[in-house]
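So the sequences go chain by chain: A and B.
Take 856 as the starting number for the first sequence in our numbering and just add one per residue.
Take 155 as the starting number for the second sequence in our numbering and just add one per residue.
By construction, these hints were calculated from the structure, which means they are not laboratory data.
Everything hinted at is true.
Pulled a few chain B residues facing chain A out of the computed Cβ check, cut under 10 Å:
no.	residue
1	V170
2	L289
3	A295
4	I307
5	E480
In this text, a Cβ means the ideal position worked out from N, Cα and C, and glycines have one as well.
Next come the chains, spelled out residue by residue.
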Amino acid sequence: MDLMFLTGLLASGVRFAIPLLFAALGETIGQKSGVLNVGLEGIMLVGAFLAVAFSVATGSPWGGLLAAILGGAALGLLHGLFAVRLKVDQIVSGLALILLGLGLSGFGYRLVFAGQPSMRVPGFDRLDLGVLSDLPLLGPLLFSHHALAYLGILLAVGLWWIMTRTGLGLTIRAVGENPKAADSAGIDVDKVRMLCTIFGGAMAGIGGAYLSTAQLAGFVEDMVAGRGFIAIACVVFARWNPLGVLAVALIFGIADAAQIRLQPFFPQVPYQFFVTLPYVLALVALAGAARSSNLPAALTQPYRKS
Amino acid sequence: MKSSLVLPSLDRDSRVALLVLGIGALALLGLIALAGESPLRILAILIGEGFLNRAGIADSLVRSIPLTLAGLGVVLAFRAGVFNIGVEGQLLIGAALAVACAPILSPLPSALSLPLLLLAGTLGGAVWGGIAGFLKARFGANEIIATIMLNYIAIQMVSWLIRGPLQEASGIFPRSDKLANSLRLPILFDGTRLSAGLIVAALACVAVWFLVARSRYGYALTVTGKNPDAARYGGIRPGVIAFSVLCLSGALAGLAGIVEVSGLHGRLQEGFVGGIGITAIAVALLARLNPIWVPVAAFGFSGLYVGSDSVARLTEVPFPLVHVIEGMIVLAFLVLQILTMAKER
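Use the sequences and the hints to build the structure in full.
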């Protein structure tokens, strides 16, 4: 294993990390406000499908991205209506999202693309930063990703700043920690939670769009393959800190890239063992980080004025 | 007339809930129209093929066997507020363990070997559920994520087993050898694929009903689910409940897996689970976590599935519509909950 192998591994690890990063950042904000959304998987599927369909229709990946954001936000709104407005069980509402996402994306895919031979999806191009991208080792590692990847990293920093340093962040945290106190302070608890849930949905939509238009070029049914759930594990492992989410998503991305790149080195080991690696990692992470004082105290608890 | 009298008496929550559901139903019709079909025709095929003709009913019953068993497992866990989403993995590991034991069991007399085979499947599922239970009880790991991760691990394990140690002797296809006849659940009615698994499922319903409604353990489950603090105060340890109920829930899923193999397919092969895992959750919710209603809900979802298969074959409407309908049913269940809650207030 030489240096080239290592930079290649890390660079592809970054690519694998970005969909998780977007979905997990959105979920962090949602959970901080007290709303758990276990339906990320379904939203990412819809985002992935919409991104491909509208990239083809508009001829630009940005058109696809916009559609994915709107679709994700709509599903987030649906979750908010049930979980926040109507105060039903958040987990059951999230389960409905998984089914709806699976169905809508599969339905749309077969309807729009069935029987069509492989078509070209106008995907995101890698950014060309000239000299920087041509640098040996550092070029492929740091300066040749899709624009969305840099946006994700900026968002992680920005959200961390908002959550820890601004009044808006304080409001969101108050709503998730002690909604009653927040309410007495004049904060509209349900409105804040609703907006955070919609934001979370839109972010999961972007995660799905990255998957189908930047990381891969096209949609396959059930292509999210559990990343929506791994994203939730990321949030827990990162202890609800956006910068932590960035680090954890990178760890998972690199683990995913490593399992693919390590397979040829160990031909005697069945490849299925490598494929399970990220999932095993998520289990270990969950067990290691579950009991955390950062857990929003009012997570999954609807707020009723008394 | 009557509706105009009832509607104004609904509170705001109920009206919002009904409105969302109405928009959802319209969206569903819109999807069908988008596929260029008439919703009425789709509905006629869906119900006609899934519930009203002899072959359809037989197929729906065949599918409702594993759904009932797995749905009962989900009922137990959800009653305790433990969200077991790992039915698929538990079902796979149960079936795989039982098939792995088959060579040891087949020389035994049938009266002994078949029950032992089912027991092996039950054990396999219990162990797989138990891992998630242990992680939750010992480390407080969220069981939703844990059981789903275990699903993906189980899928890969079975994928390896049927290409490795458990692959058929001829080594051509990724699947196991067929089970010996003595290890197959007998077919109940000639000309159908309906096996004695139906009896196993019925017995399981009675057993789970007894556990839930008549035993102290069942009471402890319900109290833990409704009010964990009260349960703890009453001397019930939530960790013990979470671990034991995930074992039990997994056991029923494992039983569903081996019943499906022994009664229907005859061997372990890829993709034989066919979406049973997530549908079992919808079944349990629709049955309102009552074991008696589980077979009814299972039959309903099976008919929907069989009918959707016909719809996809006969019309332009693609099969995944069935998942959209399932999702809508779960939301409808929530709306129903809101309406009853409003009535009680």
